[in-house]
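Novice: Line by line, the protein sequences give chains P and X.
Numbering-wise (my numbering), the first sequence opens with residue 1 and increments by one.
Numbering-wise (my numbering), the second sequence opens with residue 1001 and increments by one.
Fair warning: there could be bad hints in the mix.
Said to hold, decoys possible - Computed footprint of chain P on chain X, listed as stretches where at least three residues anywhere in the stretch have a Cβ under 8 Å from a Cβ of chain P: (1) 1069 to 1083; (2) 1266 to 1275; (3) 1384 to 1392; (4) 1412 to 1420.
Please keep in mind that the hints were generated in silico from the structure rather than gathered at the bench.
Even glycine gets a Cβ: it sits at the ideal position worked out from N, Cα and C.
Spelled out from the first residue to the last, the chains are:
Number of protein chains: 2
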Amino acid sequence: MNLLIRNANLNGKLVDISIEGNRFSTIAPNLEGSFDEEFDAKGMLAFPPFYNCHTHVPMVLLRGYADDLELFTWLNDHIWPAEENFTSDVTWGKVAIYAGTRLACLEMIKSGTVFFNDSYFIIDQTIRAVEEMGMRACIGTTWLNTGNADKCARLSATNDAVRMAYQNGEYSSRTLVAEAPHSIYTVPEKDLREIAERSAQNGMLIHLHLAETSKEVQDCKKEHYGLTPVEYIKECGLLNKRARLAHAVWLSPHDIELIKESGAVLIHNPTSNLKLCSGMFHFKEIDEAGIPFTLGTDGCASNNAHSMFSEMKFAALSGKTQAKNPTAAPAERVFRLATADGAQAFFPEGGEIAPGKLADLMLINPDQPYFVGDYNPISNLVYAGESSCVDSLLCDGKFLMKHRQVEGEAEIIEQARRVCDKFRR
Amino acid sequence: MNLLIRNANLNGKLVDISIEGNRFSTIAPNLEGSFDEEFDAKGMLAFPPFYNCHTHVPMVLLRGYADDLELFTWLNDHIWPAEENFTSDVTWGKVAIYAGTRLACLEMIKSGTVFFNDSYFIIDQTIRAVEEMGMRACIGTTWLNTGNADKCARLSATNDAVRMAYQNGEYSSRTLVAEAPHSIYTVPEKDLREIAERSAQNGMLIHLHLAETSKEVQDCKKEHYGLTPVEYIKECGLLNKRARLAHAVWLSPHDIELIKESGAVLIHNPTSNLKLCSGMFHFKEIDEAGIPFTLGTDGCASNNAHSMFSEMKFAALSGKTQAKNPTAAPAERVFRLATADGAQAFFPEGGEIAPGKLADLMLINPDQPYFVGDYNPISNLVYAGESSCVDSLLCDGKFLMKHRQVEGEAEIIEQARRVCDKFRR
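My request is simple: use the sequences and hints to build the entire structure.
Specialist: Given below as structure tokens:
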């Protein structure tokens, strides 16, 4: 299968882009040859698409279910009881997670995102949905101690099955599976050490919430002989180049040194941090320390959207305000964070429109009122962009959206609504 | 002219909404009678539309022209020299302001906004464009001392002509004209006092930037015998119920008391404040003090968009983070700020869908992936909404947009692009 994208505007130059299989092949003006499919991108701007690096996608089903509450009221009185719905009835839980993931994929595709890094329950259904929808994903074998032996056994069984399927090559090359201990305050030390050993053996990435709130830091110091969360996970063997650490809002200078030495990657979630009042990520400081980081929306219950456009604007503006410096977190840097840097952390052969790279591509239609003045398209994407400017989206050499149309859209929304109706009752 | 909107979902109830002239008439299920036009709003949610209460709309022409800079570098090296383009050549300036305003109106209409409160130059052309586009606006007779006698004379002549036309009833009932001294640091005290007297006589609103940065407060205290900006404008006679004060980030407890006594209305601009690192508005404190306030995007050069969706999310999230309290700035409150409270400050007979009120209305199409779960439509609008969910928009009893189509859209974008091309050269 080969494909030709004609007349795309790539960095101000008009080119044709040929794709063979799942890779970019030749990029040059007026390509000749015969192709299985040609697509005219006249008037459109070509960019690498978005990588959303921290999500809990099935939580779309809880979008708007409970907002504007204190963290623990929100979790104890609303989110966790609602989630019981997923986990207490296995058959129903599977339907819900599948429907929720499809809806989230649709929302992400329509806003230019080809990848997400997820951690949630009943992950076999998340994988089923994402494989069908054609996106890339890194799906975490989520682990936390719920205090309920039955549930832990079910969680463990699903995780083991998924890990085995992954290692047996049963998933497409678009799906990664990671170790995903939820956090240091929900997973016992013994389990953290076990996960660290397993990851050292199987080479799987590690996806973990870390240093999200000041309470987490204080509690950690109390319980673990004065160690910060970063120092503690180092002790447990989890701080290494495979670690993908979500939030990392509260870091000491020593933490920053340790992270830098380890090669771990941080994941910044500006909207979630502001909505839950977790604090503000030190964008400028982390960037100047040379620590790699990426961008994520977090789950829908604490955002409440999967739009990387909105996320980029929040990253830029909170980065400036936190540093008290309007030159901090500039548009070009934030755009790279949301695209190439995300790819680098999960699919390092993606994130760039160049021969031999993974053929992920978004085509932007600049004929929007919010795209004029058109001096700087990247500034427009970061500060004024909305989903509606993404005309078409390719992942792994295949179209996920053409001219704003995604296959099965109405049915996906309807199925998710039916699940939400059941929740409401 | 009468109009019937059929089958709209208003606060969870299916109703027909009849409009006579520019007012809502009857709202009830299954209305009968004959109407000049019927519109089927089946499946759509009816809400009051947005009021954008602080703008400099022609600055769309400078969108993305210069970002991520220190305030004074940005103004001195980029924005002010660029604006010379508008003001140094009268003919060209008129074309530019007209084209820019039309583009901004288009952007606002497509994102559900029917009103803006503006302050800029060559305002006769702003008024011409807004009257044609069918929106409401409050246009300020902008005054600042540019240090250039010719320019000041031109500014003054335009202001006088507009003020006279307004007082002679030459504009539609959708257009208000306000006194708009730019700020206390660009307008001499003598002029501030003169404007205060004129507003007391002609009853016009006063639109003013105030207490935007801590530097402004420090400088004011130094120059004006220790008075804060709020105390100083009270001295000048500008602090009264006609005052509409943009930003108001830096207020002392005494300032808050004075504002409360005066009946003045504040205008909160969260995105601009974060982008320029001006500081964070004290949403919760101001609201609890019972001071009326509204929401605005500010000019496009410091945002860079006119979307009230994005603005609501920034208001909610910065309101929470500033108060260190996730229950602050809840969705319902922020939505009212962006709609009814904006109307209250400028067109108090608007802002509500009820018989006898001004017929301003937005129809939301909830068939969007980002609108499911659909437990709480207002939470979805504030935290996940985008322009694309606004299906249709009415202002003053007339459609400005039907099913996402606005008359003349392509031509408006093309004209604005031609102006930007001239800027670029």
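Novice: Is the coverage entry for the segment 1412 to 1420 of chain X by chain P consistent with the three-residue Cβ rule at 8 Å?
Specialist: It holds, with 5 qualifying residues against the three required.
Novice: Can you tell me if the segment 1384 to 1392 of chain X counts as covered by chain P, using C-beta to C-beta distances under 8 Å and a minimum of three residues?
Specialist: holds (count 4)
Novice: Report holds or violated for chain P covering the segment 1266 to 1275 of chain X, Cβ cut-off 8 Å, minimum 3 residues.
Specialist: Answer holds; 3 residues pass the 8 Å Cβ test.
Novice: Test coverage of the segment 1069 to 1083 of chain X by chain P using CB-CB distances below 8 Å; three residues minimum.
Specialist: The restraint on the segment 1069 to 1083 of chain X holds, since 4 of its residues have a Cβ under 8 Å from chain P and three suffice.
Violation of the numbered hints given earlier is absent; every hint is satisfied by the structure.
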